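For the sequence shown, the UniProt record's numbering begins at 1 and goes up steadily by one.
Simulated from the structure, these hints should not be mistaken for lab results.
Keep in mind it's a predicted model, so treat the numbers as computed, not measured.
Please note that the accuracy of each hint is not assured.
Straight-line distance between alpha carbons at most 27 Å, and here's what the computed BS3-like set of lysine-lysine pairs gives [as the list claims (entries may be wrong)]:
#1 LYS113 / LYS138
#2 LYS113 / LYS154
#3 LYS51 / LYS24
#4 LYS65 / LYS51
#5 LYS138 / LYS154
#6 LYS51 / LYS113
#7 LYS114 / LYS51
#8 LYS114 / LYS154
#9 LYS114 / LYS138
#10 LYS138 / LYS51
#11 LYS24 / LYS114
#12 LYS24 / LYS65
Simulated restraints, written as ranges between beta carbons of each label pair [to be verified]:
#13 SER74 / PHE137: 18 to 24 Å
#14 PHE137 / GLN116: 17 to 23 Å
#15 LYS113 / GLN17: 27 to 33 Å
#16 ASN128 / THR10: 30 to 36 Å
#17 LEU149 / THR79: 19 to 25 Å
#18 ASP30 / LYS138: 17 to 23 Å
#19 LYS114 / GLN37: 33 to 39 Å
#20 ALA64 / GLU104: 20 to 26 Å
#21 LYS113 / THR21: 30 to 36 Å
#22 ALA46 / SER74: 17 to 23 Å
#23 GLY77 / ARG42: 20 to 26 Å
#24 GLU104 / ALA33: 29 to 35 Å
#25 LYS114 / HIS136: 18 to 24 Å
Glycine is no exception: its CB is placed at the ideal position from the N, C-alpha and C atoms.
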Amino acid sequence: MITMRRFQSTDAAQAAQLVATTLKQSNRRDYSAHYLQTEIDRMSPAFFIEKAQQTHFYVACDQAKLVGTGAIGSYWGITTEYSLFTIFVLPTYQGRGIGRQIIETLEQDAYFKKAQRVEIPASITAVNFYQHLGYHFKNQNQQVDDEQLYRLEKFPQN
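Please model the complete structure; the sequences and the hints are all you need to start from.
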């Protein structure tokens with residue numbers, strides 16, 4: 001059974017490894033090896049500790065094993081807009097509803113509940129997944145940005 005809980009600093013190394021594994025396996029069709037390695041290097045254990053201090057960061061666990069991550073935090077300091085970040089599921093756990101469980105957890109978070117708008121920077125690999133969950137292209141722009149990500153958004157019912 002998969003359980004969701006808030007990130008703890010002791011999760012940092014496992015979270016960094018989870019993301020590295022997921023990027024290397026799940027995203028390799030859509031991104032260059034150089035791009036993926038740059039992202040892996042950026043998302044070190046220290047990155048996750050800092051991210052957890054700035055966001056409400058969650059992990060999906062299969063007993064003691066981290067199998068997914070996701071966070072929600074302020075959109076550039078705006079108090080009515082938030083972003084979803086760092087949503088990853090280990091490749092061996094994909095297709096089991098864990099990604100949906102992470103999104104549902106984030107959408108039950110206090111930040112999401114008070115948001116007028118929530119944005120997600122979506123990878124080429126995951127854009128269809130987010131669209132299936134009700135996120136739409138921001139400003140109807142269906143092109144990747146300079147970070148090679150799509151910008152999707154949702155307007156929660158307040």
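Hint by hint, here is what the structure shows:
1. LYS113 / LYS138: OK: LYS113 and LYS138 at ~20 Å, within 27 Å.
2. LYS113 / LYS154: holds (12 Å)
3. LYS51 / LYS24: holds (21 Å)
4. LYS65 / LYS51: With Cα atoms ~20 Å apart, LYS65 and LYS51 stay inside 27 Å; holds.
5. LYS138 / LYS154: It holds: about 9 Å lies between the C-alpha atoms, which stays within 27 Å.
6. LYS51 / LYS113: holds (20 Å)
7. LYS114 / LYS51: holds (20 Å)
8. LYS114 / LYS154: holds (13 Å)
9. LYS114 / LYS138: holds (20 Å)
10. LYS138 / LYS51: holds (24 Å)
11. LYS24 / LYS114: With Cα atoms ~35 Å apart, LYS24 and LYS114 exceed 27 Å; violated.
12. LYS24 / LYS65: holds (19 Å)
13. SER74 / PHE137: 18 to 24 Å: Holds, since SER74 and PHE137 (Cβ atoms, about 22 Å apart) stay within the stated range.
14. PHE137 / GLN116: 17 to 23 Å: holds (18 Å)
15. LYS113 / GLN17: 27 to 33 Å: holds (32 Å)
16. ASN128 / THR10: 30 to 36 Å: Holds, at about 34 Å.
17. LEU149 / THR79: 19 to 25 Å: For THR79 against LEU149, whose Cβ atoms are near 24 Å apart, the range 19 to 25 Å holds.
18. ASP30 / LYS138: 17 to 23 Å: holds (19 Å)
19. LYS114 / GLN37: 33 to 39 Å: At roughly 37 Å between Cβ atoms, GLN37 and LYS114 fall inside 33 to 39 Å, so the hint holds.
20. ALA64 / GLU104: 20 to 26 Å: Cβ of ALA64 to Cβ of GLU104: about 22 Å, so the range 20 to 26 Å holds.
21. LYS113 / THR21: 30 to 36 Å: holds (32 Å)
22. ALA46 / SER74: 17 to 23 Å: Holds - the Cβ-Cβ distance for ALA46 and SER74, about 20 Å, lies within 17 to 23 Å.
23. GLY77 / ARG42: 20 to 26 Å: Because 21 Å falls inside the window, the suggested range holds.
24. GLU104 / ALA33: 29 to 35 Å: holds (33 Å)
25. LYS114 / HIS136: 18 to 24 Å: holds (20 Å)
When each numbered hint is compared with the structure, a violation occurs for hint 11 only.
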